[in-house]
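Residue 7 in the working numbering sits at position 7 of the sequence shown, and the numbers go up by one each step.
Derived by calculation from the structure, the hints in this document are not laboratory data.
Remember, it's a predicted structure, so these values are computed and weren't measured experimentally.
Beta carbons: idealized from backbone N, C-alpha and C, even for Gly.
Mixed in with the good hints, there may be bad ones.
Distance ranges between label pairs, derived from CB positions [claimed, not checked]:
hint, residue 1, residue 2, range
1, 86, 55, 25 to 31 Å
2, 107, 34, 50 to 56 Å
3, 54, 88, 15 to 21 Å
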Amino acid sequence: MTKQIGSTESPDEPGEPTPFAETVKGLYKKHKMAIIGVGVAAFVVTVAVIKYANGQDITEDIESDESDEPEELAELDETPTPGRCNDGWLSDSIGKQGACSGHGGVAA
1 MTKQIGSTES PDEPGEPTPF AETVKGLYKK HKMAIIGVGV AAFVVTVAVI
51 KYANGQDITE DIESDESDEP EELAELDETP TPGRCNDGWL SDSIGKQGAC
101 SGHGGVAA
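Whenever a hint applies, use it, and build me the whole structure from the sequences.
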């Protein structure tokens, strides 16, 4: 007996191929708990990565540890007042080389 393409009937003989959708349904039923577990784990990891990324300020300018300022002046500069870049971004690096370099420069 020949089957029609897209037929949802079970195969008449053990060697006859099954439709794709039927195969997928069978695999899902067989591995349902593993599929759900992987989905939950992926969701939890995604949430954790988003929370971690939100806690990081990845847009700050990279500053070197070397400073041309004497230590006394560096200590006074520990509580910087944010300045504004041309695109509206607030930066604590105003007055330092490279401040607002990725934001169109320092606003006047």
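Evaluated hints:
1. Distance hint for residue 86 and residue 55: a CB-CB separation of about 27 Å, consistent with the stated range 25 to 31 Å.
2. Checked against the hint of 50 to 56 Å, the C-beta distance between residue 107 and residue 34 comes to roughly 55 Å, which is consistent with it.
3. Against the hinted window of 15 to 21 Å, the Cβ-Cβ separation of residue 54 and residue 88 comes to about 20 Å, which satisfies the hint.
The structure fails none of the hints (numbered hints given earlier).
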